[in-house]
Every structure is written in structure tokens, then in C-alpha cells.
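Enquirer: Chains Z and Y are the protein sequences, given in the same order. Take 810 as the starting number for the first sequence in my numbering and just add one per residue. Take 810 as the starting number for the second sequence in my numbering and just add one per residue.
Honestly, I wouldn't trust all of these hints.
Copies of the same chain look alike in the list, so a pair counts if it fits in one copy or across any two.
[Said to hold, decoys possible] Computed cross-link-like contacts, EDC-like style, restricted to lysine to aspartate or glutamate with a CA-CA straight-line distance of at most 20 angstroms:
id, residue 1, residue 2
1, K1044, D1074
2, K887, E1200
3, K1028, E868
4, K1044, D885
5, K1224, E849
6, K1050, E1009
7, K1044, D930
8, K1044, E856
9, K939, E1041
10, K939, D1047
11, K953, D1210
12, K1169, D949
13, K1027, E932
By construction, these hints were calculated from the structure, which means they are not laboratory data.
Protein chains: 2
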Amino acid sequence: MNDQRVIATYLVETAFSLEEAALVIAGEQSTGTFTKVPGETDRLKEEHGARVEGIELLEERYQPGLPGATVPANHDGKYRAGKITISFPLHNFGPSIPNLMSAVAGNLYELQQLSGLRLLDLELPEAFAKRYQGPKFGIDGTRKLLNVYDRPILGTIVKPSIGLTTAELGQMVERLALAGLDFIKDDELNANPTYAPLEEKVRVVMEAIERAADKTGKKLMYAFNITGDWDELRKHHDIVKNAGGNCVMVSVLSVGLPGMAYLNDYSELPIHAHRNQWGMLTRSPHLGIEFTAYQKLCRLAGADHIHVNGLNGKFYESNASVVSAIQACTTPLYAGYETMPVISNGQWAGTAHPTYEATKTLDVMHLAGGGMLAHPDGAAAGFESMRLAWEAAASGESFSDCANKNPVVQRAIEKFGKVGH
Amino acid sequence: MNDQRVIATYLVETAFSLEEAALVIAGEQSTGTFTKVPGETDRLKEEHGARVEGIELLEERYQPGLPGATVPANHDGKYRAGKITISFPLHNFGPSIPNLMSAVAGNLYELQQLSGLRLLDLELPEAFAKRYQGPKFGIDGTRKLLNVYDRPILGTIVKPSIGLTTAELGQMVERLALAGLDFIKDDELNANPTYAPLEEKVRVVMEAIERAADKTGKKLMYAFNITGDWDELRKHHDIVKNAGGNCVMVSVLSVGLPGMAYLNDYSELPIHAHRNQWGMLTRSPHLGIEFTAYQKLCRLAGADHIHVNGLNGKFYESNASVVSAIQACTTPLYAGYETMPVISNGQWAGTAHPTYEATKTLDVMHLAGGGMLAHPDGAAAGFESMRLAWEAAASGESFSDCANKNPVVQRAIEKFGKVGH
């Protein structure tokens, strides 16, 4: 790791040569403007200029990926796609996530000379670890709070996403807690609505959880969605904390990375980071950011749990891409910064095997909304079907053998196996 | 304006019918999950469901705009592009920008049933205006601070963007202030670097501005880039305020909309909102957000000035799109929420005419980095060339007549007219 420079890798497409494109990127994001100006000395360029560290041609294309790109006068009709690595002196912006983003992303996406730009990865000096403490709980801390080891944390999302009264929600949570679930989260659509204000929701839900815990001996983790304006983050955190709650959730792209970092400086609870809106930054292959880069920033900013999609889910993302996201999150950052990937959307017992086979890790949260709650025999059966499927996957038993031995799994297949999962 | 519902308009592309796509969007972002769950009652759907308000087919295509989209079993090979309007009950999330975004953007970009999704516009109930006070200074307040009326605020960006020592910067600012400029801003790449810490920069720059003001009688406005983590926003605002500064700048996408709203609750200075990273959210025509929608959120959150691009600039954006962004910003929101559009990048005297002709407004900031500082006769000549060009444009005189009468404009053409602007 370089201690003095941030290293950013981009996927670039350009009608110019990759060398020219690399120089434009380095110039735009450090010392340059469109015409030479007084004061742009050699000393200044040497000390503050971004530097092209590597260029690798991947492919030649005949159509630009994005609109608005210019071509050189003698254009040969080709658009060159390749990986470009640029390093930036850390002292240009210091270990500050918001200012880092203005440098490594900034105006680059608007450059005429590029018909594609995607930030693939970031290598960040140790100074960022000094500035941002990262997850306070992480994988170990979450397991310890729950006393669940050697298997994924299994849970669900409150469905219907919105509209339940706090009384209805309380009953539901109590039922699910008695059914043995490890974890429940608010839907990202539900934070502090007028029909079920957070304070009341927290009270009712925590009472339900405590009642169930008195019977089962197990206190479920509930991620209360405290997404809101910055003055609300602390206030809502305290409401949860003071009621005996054990997890808060924020929509990272709603509050911003500095919003989450601010919460993390203060928080005494695991932070469950939801990444809704992320598709906007990543679904075009020609634009945006790769999750490999973004998850590092989320971990620095304090995400104890972070959402990825799920295999065979209902979203556009390929299984390969989901697997790579899970692997990115489980790769150590600095001396740890352990964050638990949260697998969800379109999940049920049947997605345990492909997930385990592709990732070989049990250190995930596996959440199923409909796939747990709508099990034909109820939520307890939904939970049990997922637990058994993971146990089978981890021990090398096939899913069909698992189903043959366990009616509760067989019943899940009958219901969810038909919907294309 | 609807007082009870948020109305969102999307550009959608889908291999299914637009009607099916609209229902998927409405379901995903309100009461639905992938399978029917207990508790999803008719009462709940009626009170909390998003509603399809309008569908307009625009075009049929034979290639999907984005990857990962599914097609129906009987797919006719067509992808239908159209406008879909969806309304959301305000009580689902309340007048909260972060929670609004989880609803109107949220997971929509990831839906398999869509091969394109772009948020075009938002209509927000009055409750948002009650919650977010918007710009404290706006156009009138900025003009009053500067005592500049009946023409654009003309200024520049510190170039080289980074690397100047505070002493060098101070000298430069004093020279530019004596040259008569209205406005200078830090580059978005330069906030609080170790080689020129904000506190020292503010002191040196404000001394330079006051010295010049003593001679000219005019106090230039300097937008200090205070982009940073949450705890820094207030601290840096106070440093600027206490030194007699008159403007702070933040990179909106770096600090997040709630970050800017938080600053605005507290700030006693105009907030200059830089939109770097915005290209990431908007350059793909199939994805992201249109500026028409985003600028409303920036204005609610307190942007007194907001960056758009410039006509004939160095970025990818078409002139038509830049004009539409300027027009969006100058369209009243609620009872005002006046924000001054900031036109920059690749600008010089020659871009005044096309800008005025297309927008017919003088209520803009027009910033030129190289186009002012690198004028062959110096920055005072650069400023004068822009002032004269705007005066000509507003009075109906052509740019060439203006240049014939004014050598300082002619000299600008000789230098910048050749670089394709």
C-alpha cells in the first residue's frame, strides 16, 4: 500500500488513444484547466499532479458507450476500452472521503474525450484508517450480540414494506421472534412515517422482542431504519439505544457517506447499511462506480452490515457480480474493517446452496422477505427451511437431499421453487 | 400542486408493456414484495400504495439500454420507451429528502423488468417547503452583498486548481480583486489540504480581499470550499464567517443533500453548491436522474448558487441540455427558492452571447477559469471582456460589433476563439 498516494483504477472508453485519455483524466483532476494558466509551474505539477500509473487496452469497439463524446479529427472509427490506473498525491485532499470523491470521481464523468468512465477500485493510504474508525461491531460483534455462530444470520424484512400500524408490527415482530428468527429489518421505505412514528415503533417493537426473549432466551436483532436528516440521526439512534434496541439502519446513499461516518463516530449500535439507489451509480457498464470501490468507503464510514444483492434474485444483477460483491466485502481492508454482507431480494431456502458454493463463507446475513414470511407453513417454517439449507450446504449435502429429509424444505420448494428461483 | 402526494415522472424502457412496468415500479416502491405476503390488505394498499397516474409511449427500440433486463416469454423483440408518472402518498415517508429518495429512486434502478429508468421530474408537496427553508440569500441576497445588479456576477475559479501556497493564493486574489472581479471560488479539488490549511487560507485570502476593497471600494465574494465531514462543515463555516468571509462552497454529492441541509440550517453565508460527480448520475440517457429533478432538491436543501455546465464548454453536455438546466434553476419553486445558476467550464467572453440568447436571463454567475485568467492582457482584461460581452448581449448588440468596438474583446477572441469555443 502506498502511504502517500491514492490509486484509482478506471474502466475507460475513448475515441482517442488510451494514453491521451489518461493524461486528460490526470490533468482535469489535479493541476489542469483547458488552457495553460500562469502559476502552473513545474514544481507545482511535480508535487500535486496526478500520475498515470498504468494503461491496459481491453477491447476496441465501433459504438460509443455514452453520448456527447468527441472524436479526434483523424478518427479511425474505433473506441478503445481499457483499464487506466491513476495515482493522486494524498496531500491534495487528505484522508477525507468527501474530498477524495471530488478528486477521484469529480468532473471526470463529464469529459468530452471519454465515451465511458467507471471507477473500478481504490487503494487508500493508511491515513484513511486513522481518520475513519470503521465498523465498531462488524462480523464478530454482531455474532456476539446474537450468540449465533457457524452459520449465517438469518432474518427477514418487514413486509408489507409500509402501512402496518405499530400494533400490527409489534404483533408480527413478536410472532417472528418466537419463530426463532435472528434478525428483522425495517424496509428501506419505512423510517419515521406519520402513521407509525419511529419513537412509538421502537417502543412497541422492543416490547415485543423482550416479551419473546423472556420465553425463548434469545433476543432478536431489529434494524430500525433511522434514515433522515442529520439532526435526526443522533436523535433516532438514541431512541433506539435507550429502548434497549441493538441495531440501526441507514440508507447510505440517502444520508451520504459523511452522514454515516458522523453517525458512526457517535453510535453505540451496529449500523446496518442499506444501499438503495446504488443501481443508479452502477447499472450502466459505461458509467459510475464498481461496488468493489464503493464498499471500501462504506466500511471506512462504519457499515457493520452492508447490503449486496442475492443470487437468483429479482434484480438485474448477474450472479457473478453478486458473488464478486460478497467477496469484496469479506476481503480485509487495512487491519480488518470487517463488514457483514447482507444478502437479500428474492431469497429463500433454495438460494443458500448456490450462495455458499460460490462464496464458501458463512459470515453473511441472509434475509428473505416473502421467502421467509410467505412459507406455506408460516415464518417459523420459513426460518427453519433456511437454517437447514445452510447447514446442508456447509456440510456438503445437496439441496435435494436436504429437501428429501426435511418436509419444511420440500414445502419451500413447492412454493418458491416455481417462481423461477 | 398535490398536497398529499409526491408525483414522480420517469423515463422507462422495458421489454414488457409500459402498463406492466408501471405496476412493477409502483409495487416495488410501496407495498409489494416478490410474492404475496400476509397483511397486504386492501385497506393498506389503498392508503399506502403508489399509484400509476400516467403512461405515454414515446418510442419502440430493438436493443435494451441497460444490461440485465428480462423479457416476457412471448417477447416481440421490442423495448418500449415511455414516460410513466407515479404518485406516492406523502405519509409513507413524510417531507424528508433522504426518505423521499429511498422511495422515488430506491431499488427501482435494479428492477429486472426495466432496461432503462431515469427520474425526470418531481412534484413535491408544500410540506417540503415547511421542512426545508431553502436558500437564505439566493439571487437578491447575493446581488445585495456584492452590489452588482443588471448583469451576471462575473468571476473565476482559482487555477491552478491545486498546489498554490497560501501566500501565492493571497497575491493572486488581491490582483484579481484589484482587477475588478465580482467573485472567485476555490476549485472543487481544493478544500482543506495540508499544504494550505483552510484556516490559514481564509486568513490570507480575506486580508487580500480587504486590502483590495480599501482601494476599490468593492468587496469581492470568495467561495471557500468547506467540503468535508459533518463536524467540519460548521467549524469551517465559522472560520470563514469569523474572518469576514461572505460565501462557503460545498460539493453537494460529496456531503449529500442532508449534509447541505444541515449546513443551511446553521449557515449565515450564501452556500455555493458545486455539483461535481453529477455526471455519474446523469450521463447515461437510460439511467439516473435528470437535473430538473435534482436541482429542486438542491434548492430545498439550501443552495444559494448551483453549478450547471456552460454553453460550448469542455464537457459532454449539449447546449440544449445546459439551457434546460439554467431554465429549471430560474423557474420558481414554491414561493421562490431562488437559486443562482453558476455557468462554468470552458467559458470566456465569447460564450456570453449564446448563453443570453438562449436563456434571456442576467441572473446567473458566469465563471471563467482560463478564459478570464489567461486573457493575453491579464485578468482585468479578461473580466472587462466578459462584462462588455454581456452588456452587448443584453442590449442586442452582436458579439462581432462588440469586438470591433472593444480591443479587449478582440484580444479574447484571438486567444480563445481558436480553441473551438
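Enquirer: Measure nothing new, just compare the shortest in-copy and cross-copy C-alpha distances for K1044 and D885 to 20 angstroms and report within, between, both or neither.
Expert: neither (60 angstroms within a copy, 53 angstroms between copies)
Enquirer: Can you give me the call for K1224 and E849, within, between, both or neither, at a CA distance of at most 20 angstroms?
Expert: Classified as between: cross-chain Cα gap 18 angstroms, same-chain 67 angstroms, threshold 20 angstroms.
Enquirer: As a check of your reading, is K1050 near E1009 (CA-CA no more than 20 angstroms) within one copy, between copies, both or neither?
Expert: within (14 angstroms within a copy, 40 angstroms between copies)
Enquirer: Within a copy, between copies, both or neither: which one fits K1027 and E932 at a CA-CA cutoff of 20 angstroms?
Expert: For K1027 and E932, neither the intra-copy (41 angstroms) nor the inter-copy (46 angstroms) Cα distance is at most 20 angstroms.
Enquirer: How would you label the pair K1044, D1074 (within, between, both, or neither) given a Cα cut-off of 20 angstroms?
Expert: both (14 angstroms within a copy, 16 angstroms between copies)
Enquirer: From the Cα coordinates, with 20 angstroms as the cut-off, is the pair K939 and E1041 best called within, between, both, or neither?
Expert: between (27 angstroms within a copy, 16 angstroms between copies)
Enquirer: Up to 20 angstroms between alpha-carbons, please classify K939 paired with D1047: within, between, both or neither.
Expert: neither (26 angstroms within a copy, 25 angstroms between copies)
Enquirer: Between K1044 and D930, at a C-alpha cutoff of 20 angstroms, which is it: within one copy, between copies, both, or neither?
Expert: neither (35 angstroms within a copy, 32 angstroms between copies)
Enquirer: With identical chains, the pair K1044 and E856 could be close in the same copy or across copies; at 20 angstroms between alpha carbons, which is it: within, between, both, or neither?
Expert: Classified as neither: same-chain Cα gap 44 angstroms, cross-chain 28 angstroms, threshold 20 angstroms.
Enquirer: Using 20 angstroms as the alpha carbon limit, work out where K1028 and E868 are close: within a copy, between copies, both or neither.
Expert: neither (53 angstroms within a copy, 54 angstroms between copies)
Enquirer: Given identical chains, is K1169 near D949, meaning Cα to Cα at most 20 angstroms, within a copy, between copies, both, or neither?
Expert: within (18 angstroms within a copy, 61 angstroms between copies)
Enquirer: Is the C-alpha distance from K887 to E1200 at most 20 angstroms within one copy, between copies, in both cases, or in neither?
Expert: neither (52 angstroms within a copy, 44 angstroms between copies)
Consistency note: the structure conflicts with the earlier hints numbered 2, 3, 4, 7, 8, 10, 11 and 13.
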